[in-house]
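Residue numbers (numbering that gives the first Met the number 0), protein chains in the order written: chain A, 0 to 185; chain B, 0 to 297.
Just so you know, these hints were derived from the structure itself, not from any lab. Computed from a predicted structure; not experimentally measured. Note that CB positions come from ideal geometry on N, CA and C, so glycine has one too. Treat the hints loosely; a few may be bogus.
Here are the computed distance ranges between Cβ atoms for each label pair [claimed, not checked]:
#1 A:Lys42 - B:Ile215: 33 to 39 angstroms
#2 B:Lys28 - A:Lys157: 23 to 29 angstroms
#3 B:Phe172 - A:Val123: 26 to 32 angstroms
#4 B:Ile82 - A:Arg125: 34 to 40 angstroms
#5 A:Arg163 - B:Thr138: 41 to 47 angstroms
#6 B:Phe172 - A:Gly122: 21 to 27 angstroms
Covered stretches of chain B, going by a simulated chain A footprint (3 or more residues, C-beta under 8 angstroms) [what the hints assert, rightly or not]:
#7 32-40
#8 244-250
#9 274-288
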Amino acid sequence: MRLLFTLIIALVNLSLFSQDKWFTNAGIIGFSSETEVIVIAGKNEKVVSFLVPATGEMAFALRMTDFTFELPLAREHFNENYVESHKFPTAQFKGKISDPEKITYTIPGNYAVTVSGELTLHGVSRQITEKGLITVGADGNISGMAVITIRPEDYKIKVPRLVRDKVAEEVKVTIQVKYEPYKDGK
Amino acid sequence: MVRRIINLFVTVFAVLHLHAQGDLDSLLKASLGNPTEEVLATFKTTRIINGHSTERVRKGDLDFRVVHRFGSVKGGAYEFFGIDQSTSQFGLEYGLNDYIMLGISRATWQKTTSGLVKISLLRQKTGEKSFPFSLSYITSVYINGLKWADENRTHYFSSRLNYLHQMAIARKFSPAFSAQLSPLLIHRNLAPGEEANDIFAIGAGGRYKVTVRSAIVAEYYFLTGSQNLPAESHNCLSLGFDIETGSHVFQLMLTNSQGITENNFIPYTTGKWTKGDLFIGFNICRFFTTGASAKNKK
C-alpha cells in the first residue's frame, strides 16, 4: 500500500516535470533611462520565457537587436556603442521563485513572489533578487510582471563623459510575460 | 525494499530535475533561434566623405546637413589655411521608409539646387538567411541656378540640368571595418566647351572605427579613361575623421576637391595631394525625428 502511494506521488511528480512548462516568445521587456536632458526608452516584444510551476524555475532570453526605439539613431547607438550586440547578442536570466509555495496555480489571483537568479547582460553575469507578481487568470492562464532597476555600470556598459548627463545611472526595466502551456516538439 | 524503491525514485527524480534544467537552457536557445538580421551602421552617415555611402536616413527621420569646404590650404596663415573662404551646401534628407530616402539641397557652386533619391536594394544580413553585402542606388538631379552668360541667345531650362546615377556596394567586414565600391555616371545636358556630356567614375571608400564613437574614413574617386575633361582635372582623394555625439555626426576632412556636389568634385577636382593643394572641410549632420507622435499611438 505504502509502495503504491509512493509510486503515485513519484509519477505525479514526473508528469509535472515533463509536461508542465509554460512558455512565451512574445514577452515584453522595456527599459527607460530618464534624465533631465532626455528620456531614452527601448522595447523588446520578442522575449522568450519559460516557467516551470512545479519547481518555480523561470528563464528569460532576448536578442539585444530586437529592442526598438523612437529616438532617431537610438537603436544603432544602443547596439553599436553601449551593449555591443556584435559581441554579446543576447541577454538571459535563469532563476527560481524563492517562495513557490505561495502560488496556488489552480486558484485565480495575484501572487507576489520573490525571484532570484543570474542575469547575464553585456557578457557580465550577476546574481539578482527581485520582487514580481505572478497572476493566475480566471481561465487558468499564467502571466507575470516585474519592475526592476539595473545599473549599466554593474554590467560594464560604458557611458562616455560627453553623454554622461543623457544616460541615467539607474535604468528602469519593466517585464511583462503572458504564458501559454508549452507543448513539447512544438 | 520500500526504502530501496523510494531511493530509486529520489534518484530518478533528481536526474529528471537536472535534465529539466539543462533542457530549459537549450529550449531557451532554440526558441530564440537564429533570425536573419540586417547589419546596422556600415557607415556612420549617408556620405563616406564627399560621395554617398549605402546608408539611408531611417523612416520618419530628418537629417539636416551643413557642409563646408574651405579655400586651398596653400593660402597659408594669411588665408587662415583656406578657412577665410568657404563654399557650402545645406541639405534636408528624409527617410520615407527604412529603404527610400529623399533629399533636397542648395550649394553655393553654380547656385545649385538639387534633389536626391537613394534606394536601398539589398542589405547585408546575418543569421539564418545571411547576405554578404549591401547595395544602394543613388540618383540626383542638379539645377544650375546661375544667370546665363549671354542673355541674347535662346536658352533651354533643360540645359541647366545635370544628373547622377550611382550604385554603392558595401560590406561591413567587422564591427570596425567597412569598405565600399561605387561606380557612377554623371550626365550633363549641356557640357562646357569640348567636355564630354557623360562622365564615368569609380569610387572606393572605407572606414575604420578607432573608438566606438569615432572613425577614420578614406575615399577615392577614379575617373576612368580619357573623358574630354580639362587637363587640370584630377582623381579625388579624401581623408576624414568621423565623430559621433548622440544625434550629431561631425565629419572633418582633408581633400583635394573643393567641390561638394558630385557634378563638381567628379569632373572638376583641381587640387593635387603631391603639391599640397588641399582643402579642409566638414559635414555636420543633425538628426531629428518626425514620426514619434504617430509611433506613440501604436
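The hints, checked one at a time:
1. A:Lys42 - B:Ile215: 33 to 39 angstroms: With a Cβ separation near 35 angstroms, Lys42 of chain A and Ile215 of chain B satisfy 33 to 39 angstroms, so the hint holds.
2. B:Lys28 - A:Lys157: 23 to 29 angstroms: Once the Cβ atoms are compared, 28 angstroms apart, the range 23 to 29 angstroms for Lys157 of chain A and Lys28 of chain B holds.
3. B:Phe172 - A:Val123: 26 to 32 angstroms: For Phe172 of chain B and Val123 of chain A the Cβ distance comes to about 27 angstroms; the hint holds.
4. B:Ile82 - A:Arg125: 34 to 40 angstroms: violated (51 angstroms)
5. A:Arg163 - B:Thr138: 41 to 47 angstroms: Taking Cβ atoms as reference, Arg163 of chain A and Thr138 of chain B lie about 42 angstroms apart, which means the hint holds.
6. B:Phe172 - A:Gly122: 21 to 27 angstroms: Between Phe172 of chain B and Gly122 of chain A, where Cβ atoms are some 22 angstroms apart, the hint holds.
7. 32-40: holds (count 4)
8. 244-250: holds (count 3)
9. 274-288: holds (count 3)
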